[in-house]
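From first to last, the protein sequence lines stand for chains C, L and F. Whatever position you read off the first sequence (first residue = 1), add 13 for my numbering. Whatever position you read off the second sequence (first residue = 1), add 5 for my numbering. Whatever position you read off the third sequence (first residue = 1), add 49 for my numbering.
Just so you know, these hints were derived from the structure itself, not from any lab. None of the values given here were measured: they were computed from a predicted structure. Do not take every clue at face value.
Unchecked claim - Taking lysine to aspartate or glutamate and the EDC-like style, the derived pairs with C-alpha atoms no more than 20 Å apart in a straight line are:
(1) K124(L) <-> E81(L)
(2) K94(L) <-> E229(F)
(3) K124(L) <-> D282(F)
(4) K90(L) <-> D116(L)
(5) K134(L) <-> D150(L)
(6) K237(L) <-> D46(L)
(7) K112(L) <-> E229(F)
(8) K207(L) <-> E81(L)
(9) K28(L) <-> E45(L)
(10) K253(L) <-> D173(L)
(11) K112(L) <-> D186(F)
(12) K302(F) <-> E62(C)
(13) K94(L) <-> D213(F)
Stated by the list, open to error - Partial pick of chain C residues on the chain F-facing surface, computed with a CB cut under 10 Å:
(14) L44
(15) P46
(16) L80
(17) I84
(18) P119
(19) L201
(20) V208
(21) R245
(22) I249
To be verified - Taking CB as the label site, the calculated pair distances span:
(23) V249(F) <-> V101(C): 24 to 34 Å
(24) K253(L) <-> L312(F): 42 to 52 Å
(25) D150(L) <-> G118(F): 46 to 56 Å
(26) D187(L) <-> L291(F): 30 to 40 Å
(27) V249(F) <-> F79(C): 43 to 53 Å
(28) P35(L) <-> N252(C): 19 to 29 Å
(29) H76(F) <-> F238(C): 38 to 48 Å
For every residue, glycine included, the Cβ atom is placed at its ideal position computed from N, Cα and C.
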Amino acid sequence: MTAAIRYLPLLLIAVAWETASQLQLVSTLALPPLSDVAVAWWDLLKSGELVTNGIASLWRAGAGLFLSIIIGASVGIAMAWWRPAQIVMGPLVEAMYPMPKSALIPVTVIWLGFGDGSKILLILLGCMLPIAVGAYNGARGSDQALVWTARSMGASRLRMLWDVVVPSATPELLNGIRTALALSFILLVSSELIVARSGLGYLIGSLGSNGSYDAMYAVVLTVAFIGFAADRLFQIFQNRMLRWQQ
Amino acid sequence: MRRVSRKETTATMTDQPQIVVDKVSHVYRPPNGRPVLALEDISLDIRPREFLALLGPSGCGKSTLLYLIGGFIPIETGTISVGGKAVTKPGPDRGIVFQHFALFPWKTVRDNVLYGLEKTGLPRAEREKTARHFINLVGLTGFEDSYPSQLSGGMKQRTALARTLAIDPDILLMDEPFGALDAQTRHLMQMELLNIWQSRPKTVIFVTHDVQEAVYLADRIAVMSARPGRIKTIVDNNLDRKDPNLFKSQAFAERVDDIWNLVREEAMKMQGARTS
Amino acid sequence: MATMSGAQLTDTARPTLLSRAGWLLAHAGSIIALAIAWELFARSGAVTPFQLPTLSSVLVRIWNDAMSGALWLNAGVTLYRALAGFAIAAVVGIVLGMAMTRIAIVRWFFDPIVSVGFPMPKVAFLPVIILWLGVYDASKITMIVVDAAFPVITATIVGIQSVDKYLIWSARNLGASNREMLWQIMLPAAMPQILTGLQVALPIALILAVFTEMVMGGYGLGGAMMSASRFADSRGVFAGILEIAVLGYVLVKGMAILRRRLLMWHQEAMAPSTV
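Only chain C is shown next, with the shape it has when bound in the complex (with noise of 0.2 Å):
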């Protein structure tokens, strides 16, 4: 119930949308009704464009998150467990932290080209550094004492980082990569509206450029819809993941 009442201005949004659309208080070209934008939805899910390009769009965001953790981790970490590779990477990482990484994308596009793997890269390194500093942050508080409690037991050093320091940092972690699962996605539609042949960006600029202004907003709405069900998703993921913790 409250639930409803917390999430009620967003209907009265959509209510005010469709009334004042419907009765031509704005242009209905720049503000189709909501009910015009809920039947291209349906029309482009049926047809199948939705699809194809989601799934284009998701096994980006989904490779680059991937590939961004595993790598973004495992520098975090050594960064936490080194000195050496905290003396060597520390600067470079806060070096690259004010760099927008919008600034990469044409970049990929000389490297990768327009598909798929221009898309990964950037989201690779977009993501990279929220999750290497989330690692770290997280292993640099690992609790001294169960660090030296392991020691004692004749624990190895890679046991330890195992037993000890990863668990450890794991809420860190999570915090990191749930800043990257919320920029990965910006990096992918950034990237997709400008220079890709396919994916959910891409038709949304499609669309816009056919003057389909009712079927642009269809996919403007499932992109922010996605954005923010993985989020959410990722929340109650991240809250199961430290109850066992505690």
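Starting from the structure of chain C, add chains L and F where the hints point.
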């Protein structure tokens, strides 16, 4: 509730109480938990310019009573009146000093002290003069331009005291003001407070859990019971507080002992309640 | 009453000159190493000059652009859009955040918008914004505001809600009215948190300024990069990356310095050596 009869009166006390607390109870309602009766049926008269200590174990509700008198928490049961008028909200007539100083960290010592003065509508030169006076009074000359983060605990509390004194409240509410300070600083601050109070007497309600502190500072000591807080006893504390050797005197030790026995019982009840 | 001498305030928290220099050296060292690696790798023949032009040629390109004035024009335009969007996002974010903490209706209405909107790739709405506002500065700046306002709103809300209750009670006690409470007490008290939100919003503003320029073309560092990309001018593309990176670094650093100035009362958390 037993009242100990008055043996002596200190000079310039009239018979009309300044603050009347009448049958006040308070229920504490935590956001996720069961409501708890914090204060039960408290009735108390406080005379003008007297120094009253509210003494009791931690958790007995003494701070809550202070906040009710101050108007920071709404009064649900019973009434509290100050100078004949009912208390509904905070006001500069009842100045408060908190345990953790509550200084505005982005303001200097001077600006903190000036803050309350801005509301008085006095001309600027007057306000600055008053602020300077009170900063000197608490011994912080030279630190007017320091920020709270640069001050020690004792200095912060002195700033808080100056800030409250500057608005010249009739009543001073003090919530374990020296609780966050180390023992030596605490002792120095107690002496200073007594000096300030003796030179400009105000009504002071002083919350503490420290028996020695209460006996050293107060005219009367209201001993509170364990939760739900009630007034267990009110003790007239007629020791000569101008005596610099008061601390070492036999009378002082005996008084502390008597009161400690009263408090100890309640302290143990609170302990028991907490571990159960 | 014993008084303290001011000379005893010591500065234990600020890093020593030596450690500062060491840190700077490590940073510079890493960058230099990276630069050398780039140059060597580009010359090695493992990649074509198209895929990775030498750092030296890229720097020459940047120099030429600086001389011709193109660099300043593009950087200036991008900077203008980023800062304009940032400023508007800051004002909108802080005002809306404050309103959300004080007025129940406002909180009720905007809460789902903020919480649902936060994780969304709001850049997906760019085509819609272009549809409404055309392809000039208005749409670019609007996109920036939409994206950059979110961290400011949440930071403001968190900052104001976490103001110490005793601070508020003291202010009430000293006679503060509701309006004074909000502007004189809660806003300054929430400032550290709000500034953190602004520090997050600034890079976002820059990224979006660059990206919207890529989408719409024209002047600006993003537009220049897209043209370079279209003309297979890889030196231009890499030059753009460096220029944007430097701009980003300068802005972030500038913001950090501003923060230190504004919060000097906060940062100096040092106790004197004697009590």
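Query raised in the report: Taking 10 Å as the limit, does the beta-carbon of V208(C) come near enough to a beta-carbon in chain F?
Result: OK, holds: V208(C) within 10 Å of chain F, min 8 Å.
Query - 30 to 40 Å as the expected CB spacing between L291(F) and D187(L), which holds or is violated - result: violated, 56 Å
Report task. May I ask you to test the interface hint for L44(C) with respect to chain F, counting a Cβ-Cβ separation under 10 Å as satisfied? Result -> holds, 8 Å
Query raised in the report: Is K253(L) close enough to D173(L), meaning Cα to Cα at most 20 Å?
Result: Not OK: K253(L) and D173(L) at ~34 Å, beyond 20 Å, violated.
Query raised in the report: Hey, K112(L) versus E229(F), does the alpha-carbon distance stay inside 20 Å?
Result: holds, 15 Å
Query raised in the report: Holds or violated: P119(C) as interface residue toward chain F, Cβ cutoff 10 Å?
Result: holds, 4 Å
Report task. Mind checking the alpha carbons of K302(F) and E62(C) for me, to see if they're no more than 20 Å apart? Result -> violated, 45 Å
Query raised in the report: Holds or violated: is the Cβ of L201(C) closer than 10 Å to a Cβ in chain F?
Result: holds, 7 Å
Query raised in the report: Can we keep the I84(C) interface hint, with Cβ of chain F closer than 10 Å?
Result: violated, 17 Å
Requested in this report: Starting from the range 24 to 34 Å, see whether the pair V249(F) and V101(C) falls in it by beta-carbon distance.
Outcome: holds, 27 Å
Query raised in the report: Regarding the hint that P46(C) lies at the interface with chain F, is the smallest CB-CB distance below 10 Å?
Result: Status violated, d = 15 Å.
Report task. Under 10 Å, Cβ to Cβ, is where R245(C) needs to be relative to chain F, so tell me if that hint holds or is violated. Result -> holds, 8 Å
Violated hints for the displayed structure, listed by number in ascending order: 1, 3, 4, 8, 10, 11, 12, 15, 16, 17, 22, 26, 27.
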